[in-house]
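Working from the sequences, and respecting the hints, build out all of it.
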Amino acid sequence: SQELEQSPQSLIVQEGKNLTINCTSSKTLYGLYWYKQKYGEGLIFLMMLQKGGEEKSHEKITAKLDEKKQQSSLHITASQPSHAGIYLCGAVLNSGGYQKVTFGTGTKLQVIP
Amino acid sequence: EAQVTQNPRYLITVTGKKLTVTCSQNMNHEYMSWYRQDPGLGLRQIYYSMNVEVTDKGDVPEGYKVSRKEKRNFPLILESPSPNQTSLYFCASSGQGWFNSPLHFGNGTRLTVT
Numbered sequence: 622s623q624e625l626e627q628s629p630q631s632l633i634v635q636e637g638k639n640l641t642i643n644c645t646s647s648k649t650l651y652g653l654y655w656y657k658q659k660y661g662e663g664l665i666f667l668m669m670l671q672k673g674g675e676e677k678s679h680e681k682i683t684a685k686l687d688e689k690k691q692q693s694s695l696h697i698t699a700s701q702p703s704h705a706g707i708y709l710c711g712a713v714l715n716s717g718g719y720q721k722v723t724f725g726t727g728t729k730l731q732v733i734p
Numbered sequence: 295e296a297q298v299t300q301n302p303r304y305l306i307t308v309t310g311k312k313l314t315v316t317c318s319q320n321m322n323h324e325y326m327s328w329y330r331q332d333p334g335l336g337l338r339q340i341y342y343s344m345n346v347e348v349t350d351k352g353d354v355p356e357g358y359k360v361s362r363k364e365k366r367n368f369p370l371i372l373e374s375p376s377p378n379q380t381s382l383y384f385c386a387s388s389g390q391g392w393f394n395s396p397l398h399f400g401n402g403t404r405l406t407v408t
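Chain order of the listed sequences is A and B. Start counting the first sequence at 622; every next residue gets the next number (this note's numbering). Start counting the second sequence at 295; every next residue gets the next number (this note's numbering).
None of these hints come from the bench; they were simulated from the model. From the three backbone atoms N, C-alpha and C, an ideal C-beta is built for every residue, glycine too.
To give an idea of the chain A side of the interface with chain B (calculated C-beta under 8 Å), a few residues: (1) L709; (2) G711; (3) V722; (4) G727.
Calculated lysine-lysine pairs in the BS3-like style (CA-CA distance at most 25 Å, straight line): (5) A/K721 / B/K365; (6) A/K721 / B/K363; (7) B/K359 / B/K312; (8) A/K721 / A/K685; (9) A/K659 / A/K685; (10) A/K685 / A/K729; (11) A/K648 / B/K351; (12) B/K312 / B/K363; (13) A/K685 / A/K638; (14) B/K359 / A/K721; (15) A/K657 / A/K677; (16) A/K721 / B/K351.
Have a look at this one:
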């Protein structure tokens, strides 16, 4: 099973609507990253969260890391077609005594004009 | 411009023909890593390197080799490619205290093995 679960797997929203993507881990997160990917292209770094309860915003995108550091949410306000793409969460997890970076399977977002 | 550069962007090859995908970063990063991305499976780590001459297996290392002779370069080698290695490959790097700084990704290499 995936160490990081993202939900939903895909999302279609009307332009102007708000949306939320979730990333859940069964282990404590030492760091949580959000990336955006256009189909078949590289990953663009959005935000990094490290402290429980931390919240960061960039333009219309806000990400939060819950107090227990096992779940993060990415919220987009007033979505635009430029927000379309695949959103991936990546996390630093403690695995077998060392930290490793692992990724969720991604959430595909379509924004309909 | 700070970046991770992968080459080539696209590669079509035949089973068994050795190939190398190059990766170079100009940010003086200690940590480098290779991932493959497949539909429904997300990004999976192949190999990573904490510094020069230090490499270790990720989650899916079978069929791949890497080397880290210089800090800036981290090539991925497929000695005898097979069709199940058809995938989108990404190289990434991060600075010291890599768990405190984000991974910077290259633009990807789409490999097709026939």
